[in-house]
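K.L.:
Okay, here's what each chain looks like letter by letter:
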Amino acid sequence: MLKATLRSFLAHKGRLLLSALAVILSVAFVAGSLIFSDTVTRTFDRLFASTSADVTVGPKDDDLDSQIPSGAIETVPTSLVDRIATVDGVARTRADVSVENVTVVDSDNESVGPTTGAPTIAGDWYVTERSPVELTSGHAPRGPGQALLDADTADKKHVDIGDTLTVIAQPGSFKVEVVGIATFKTTNPGAALVFLDPAVAETKLLGKEGVATSIQVDADQGVSDAQLKQRIATELGPGTYELETADEQAETAAAQLGGFLDVIKYVMLGFAGIAVLVGVFLIVNTFSMLIAQRTRELGLLRALGADRRQVRRSVLTEATLLGLVGSTLGLAAGIGLAIGLIELMGLLGMNLKTAEMVIGWPTPVSAYVVGVGVTFVAAYLPARRAAGVSPMAALVDAEIAGVGRPLRVRAVVGLIVGALGAAALVGCVTATETGSAASLLGLGVVLTLIATVIAGPLLVRPVIRVLGGAFPALFGSIGRMSQRNALRNPRRTGATAAALMVGLALVGGMSVASASMTKSFDEQIDKTLGADFVVQNSNFLPFPQEITEKVEATDGAGLVVRQRFTPVAVRLPDGKRVETTAAGYQPQLDEVARITYAQGNTAAALADGNIAMDATFAKDHDVRVGSTIPVEFPAGQRTELTVAALTDQDAAEGFGTQGGLFFGFGTIEKYVPGGQDSALYVNASSGTSADTLRSNLDKTLDPYPQVQVRDLADYKKLIHDQIAVLLYLVYALLGLAIVIAVLGVVNTLALSVVERTREIGLLRAIGLARRQLRRMIRLESVVIAVFGAVLGLALGLVWGVCVQQVLALQGMKALAIPWTTLVAVVVGSAVVGIVAALLPALRASRMNVLAAIAHE
Amino acid sequence: MSTAAAEQALGRTDAEGIAARARGLTKAYGSGETTVLALDSVDVDIARGRFTAVMGPSGSGKSTLMHCLAGLDTVSAGQVWLGDTEITGLKERELTQLRRDRIGFMFQSFNLIPTLNAAENITLPMDIAGQKPDEKWLNQVIDNLGLRDRLGHRPAQLSGGQQQRVACARALASRPELIFADEPTGNLDSRAGLEVLGFLRDAVDELGQTVVMVTHDPGAAAHADLVLFLGDGRIVDEMARPTAEAVLERMKRFDTIRGTFDGDAAPDQGIAPDQD
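If you're matching them up, the sequences are chains A and W in order.
Counting from 11, one number per residue, gives the positions in the first sequence under my numbering.
Counting from 667, one number per residue, gives the positions in the second sequence under my numbering.
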């Protein structure tokens, strides 16, 4: 039996190839992402472990993580150096200055920092054996006007020794001459580094003397890091500073970097998931078709005495073989993918070494589990069907199995699952709380997807009748035959189209959701933004005070309203602690923004000791006007604020600002000292035109490339671009889904062509030209692809509307359906159909007419 | 048809009224020592407006002859004409058009496209060509074959005999110069077979069509005006106004000449359907 299985496997290798491709793709993405993240993690663990001091004493961690920082730099007093030096077992102690939010510009006012979002880090030049860099040319910086630059940045931005740079730091900008180049001894994580004389680093970067960003401590020989940490903690007292050993420091640093790497990892896993999901359809379809073709052969096996289990096992063995081959090739492809990613990171400035690639044991294990598992599971149903072939099948000239089987079970199951899914979606639309709505949405999406896949074959007839309805009129009998061929085996057509459907449903849903988000933000911006211009960083990061002063002093600038953000945690009356980001505004807010209040007004909201929040958020957490709520600020600052106003705005809670909290500028200055402005709303003074102000502001801000001037339209575009990033990711996913779906269509058509050999021979004999035959197959392919697209987009449209309803709970009330995108997708799917038909059509047209007629 | 010259040039007929013609038609398979001659320099004329049957044992080259005459197969040597058109040397595309516009086909089985109904199958060659069928002629054919109430049926809903009638109607529908029928009764019971043969006969007698039928059923061959006998790739004999008995008798002589028949083509099995 095994021999027969192997023979059959090898005999069908051409056909299994396409299934194998699906397995290879999914395994490659799984393996590639694992290898890449392992390699990166190992590299950075090593980097951080080798460059961290034995114990690092830093400011107390306030547990307030936020995407939008306040801009304040938390410090420790340098006086700690002397205190720690007295601790038993301390070999060396020093105060370290290292700040991330600086901008360094060259003489053309162009930033020399990385364009990838990696930070520019300025610090003091202090060489130990643990420094990640060493001086390779020039000399160490001496005095306030000198600096070192890292070699990679110098190289990329063409900076040489003797060039002048401007460092824009929180206390103010200053000019430095590059006097030396420092080269990375370890992996360069992609950041730009600027080093100053330690004697001037504190004042230049931190703005005051006697403070540092951390204290670095090295242990005497024989004293472990953990012991030393314990001793220093005892000396300094509990809860005042954050102490980390080298290992812990490496972990924290890796975790900070991890955010970025996690994104890559999840994107890769997303690709793997799509590949697996779509691949399953392909494999199920291939095996079903192989079995249908081999009905007689299987019947013969049964007639010769093979029992059902043996037949089933034979098919499953074949699947396992396919899985093993696919996984092995996929693993190899995954290594290639990881190398590609590492090279790509190199282009982005993160110099990983392919030689140090890490392939841990979980990588091959997951590769084979995914590859073999998916194939086995996908082949299980076809295998059961194979086992059900009766011995009689060998004797009768059986029609292709499965064609005539009624679809009643599918109809019933599809209807039930579909009804449940629809109920979940209706529940999601009518839900009033975001949490439950989101989970209902997830459930509804999964159930409706399953239902559509199950019921797909039932929809083939009605939908394709309509889609291909014009074919006979347009293409005559060729059109008629291609339309009917697509209807011939609804199961097969349904399964083939399902692969395309899944991908396009996701795209449909996401494009509706993102178009709705964009429209909501647009409406929101139109409604609320009253300022002529907004000055801010394109990443919403804060900028130094100096910029604010320059803007205020700009000719023609009338009113300037400053905005600051800070991470906060609020304890609400319902007992919940919510970590979010709050904003502080100057009192003339009404001049630059139109805020709708449910209760209270701007004056009340911004008064000392007061806070305002979104009315819906307040209602959800039992907050009323007059409630007093405890607020935690960074660096352990706490206070209580009185709720004085509730806002009633659409999209009050965008981008991590849950609750829409805001208060007066005085409050944020008081509790977050040293914070930086994150936006300036600027109105032209009377008598100055907006155009004049704009050109004046552009001139003012020329030396500060990190901030830009935006009017209403620019501001909208900024938001659009942010949302577009999400869309690009989705489109990339779609691309992969389409590739696999094309494989599926190719597979189905190739098998159909083989099955219809005699029919094709007959058609050719009675005068169908090759060109016409190719067109017939192309049209069939197009109708299948468009069927999948229409089904997918219809499903995606429903999902998108439901997603929008969930977003509406967050204030994003506008619904936009991107019709052009949807139409483009349908047209694109027709192109996909044409592409998929290329090879099968060529094969059909090359068939020898006589051989085809005689074919059995 | 000149029977006088039959002994010298079997299968040849007068120049006028010739639907198809082959000269020195040779078809070889393989090369070198293993070359097999399926047709060995065959000269044949198919008379216009006649019903010609081609008979011979399995492997005699009768199907190959038909395929070459119909432009389905390429020839190794020699020339073939359909009417005045020399089809040897035509390009693939021209051959396809020629088959579509000037030749009608009936095969033993799998004659119809399963996704099309009877009416659509009948007009298929004209639809492919983008031509409008001659409605009057079409109606006459449909009525002659008794298919009027079957036009909307798919092949799966028709009996074997009805399917062959539809195939016959398709072959006639475009009023081709020549109809080739390859074992048209091979898969039918005798009653349905007789019916189909009757229709082919009528096509010649009443509609003035030219029919060439490959068969190894002497009973079927008896419906023809002329039977050409093929053996070992040559036309070895011909018989005008044949009867089933005479044909059977003639086929038995293959037996005596060659000693034995190969395969299932023995004359005593002549009525049985052939898988060839």
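Source of the hints: derived by calculation from the structure; they are not laboratory data.
Remember, predicted model here, so these are calculated numbers, not experimental data.
Glycine residues also receive a C-beta, built at the ideal position from the N, C-alpha and C atoms.
Among these hints, one or two may not hold up.
[Said to hold, decoys possible] 25 Å max Cα-Cα, derived DMTMM-like pairs, lysine to aspartate or glutamate: (1) A:Lys709 to A:Glu679; (2) A:Lys275 to A:Glu144; (3) W:Lys757 to A:Glu120; (4) W:Lys798 to W:Glu760; (5) A:Lys275 to A:Asp257; (6) W:Lys798 to A:Glu366.
[Unchecked claim] Computed beta-carbon distance windows for the label pairs: (7) A:Leu334 to W:Pro780: 52 to 60 Å; (8) W:Pro780 to A:Pro472: 18 to 26 Å; (9) A:Leu391 to W:Gln745: 52 to 60 Å; (10) W:Glu699 to A:Pro401: 24 to 32 Å; (11) W:Glu699 to A:Leu391: 26 to 34 Å; (12) A:Leu334 to W:Gln745: 18 to 26 Å; (13) A:Arg853 to W:Gly749: 33 to 41 Å.
K.L.:
Would you mind marking each hint as holding or not holding in the structure?
P.N.:
Verification of the hints:
This hinted pair does not check out: Lys709 (chain A) and Glu679 (chain A) have alpha carbons roughly 29 Å apart, beyond 25 Å. Our distance criterion of 25 Å between C-alpha atoms is broken by Lys275 (chain A) and Glu144 (chain A), whose separation comes to about 32 Å. Distance hint between Lys757 (chain W) and Glu120 (chain A) is unfulfilled; the C-alpha atoms sit about 68 Å from each other, more than 25 Å. Between Lys798 (chain W) and Glu760 (chain W) the CA atoms are separated by roughly 20 Å; this keeps the pair inside 25 Å, and the hint holds.
Of the supplied pair hints, the one linking Lys275 (chain A) and Asp257 (chain A) holds, its CA atoms being roughly 23 Å apart against a limit of 25 Å. Taken as a hint, the Lys798 (chain W) and Glu366 (chain A) pair is broken in the structure, with Cα atoms around 73 Å apart against an allowance of 25 Å. As the Cβ distance of Leu334 (chain A) to Pro780 (chain W) is approximately 39 Å, the hint placing it in 52 to 60 Å is violated. The beta-carbon spacing between Pro780 (chain W) and Pro472 (chain A), approximately 21 Å, falls within the hinted interval of 18 to 26 Å.
Leu391 (chain A) and Gln745 (chain W) have their C-beta atoms about 58 Å apart, which keeps the hinted 52 to 60 Å range intact. For Glu699 (chain W) and Pro401 (chain A), the hinted distance range of 24 to 32 Å is not satisfied, since their beta carbons lie about 45 Å from each other. Taking the beta carbon of each, Glu699 (chain W) and Leu391 (chain A) are about 53 Å apart, not inside 26 to 34 Å as hinted. A hinted range of 18 to 26 Å is violated for the C-beta pair Leu334 (chain A) and Gln745 (chain W), which are about 58 Å apart.
For the pair Arg853 (chain A) and Gly749 (chain W), the supplied restraint of 33 to 41 Å holds, since their beta-carbon distance comes to about 34 Å.
Checked against the numbered hints above, the structure breaks hints 1, 2, 3, 6, 7, 10, 11 and 12 and satisfies the rest.
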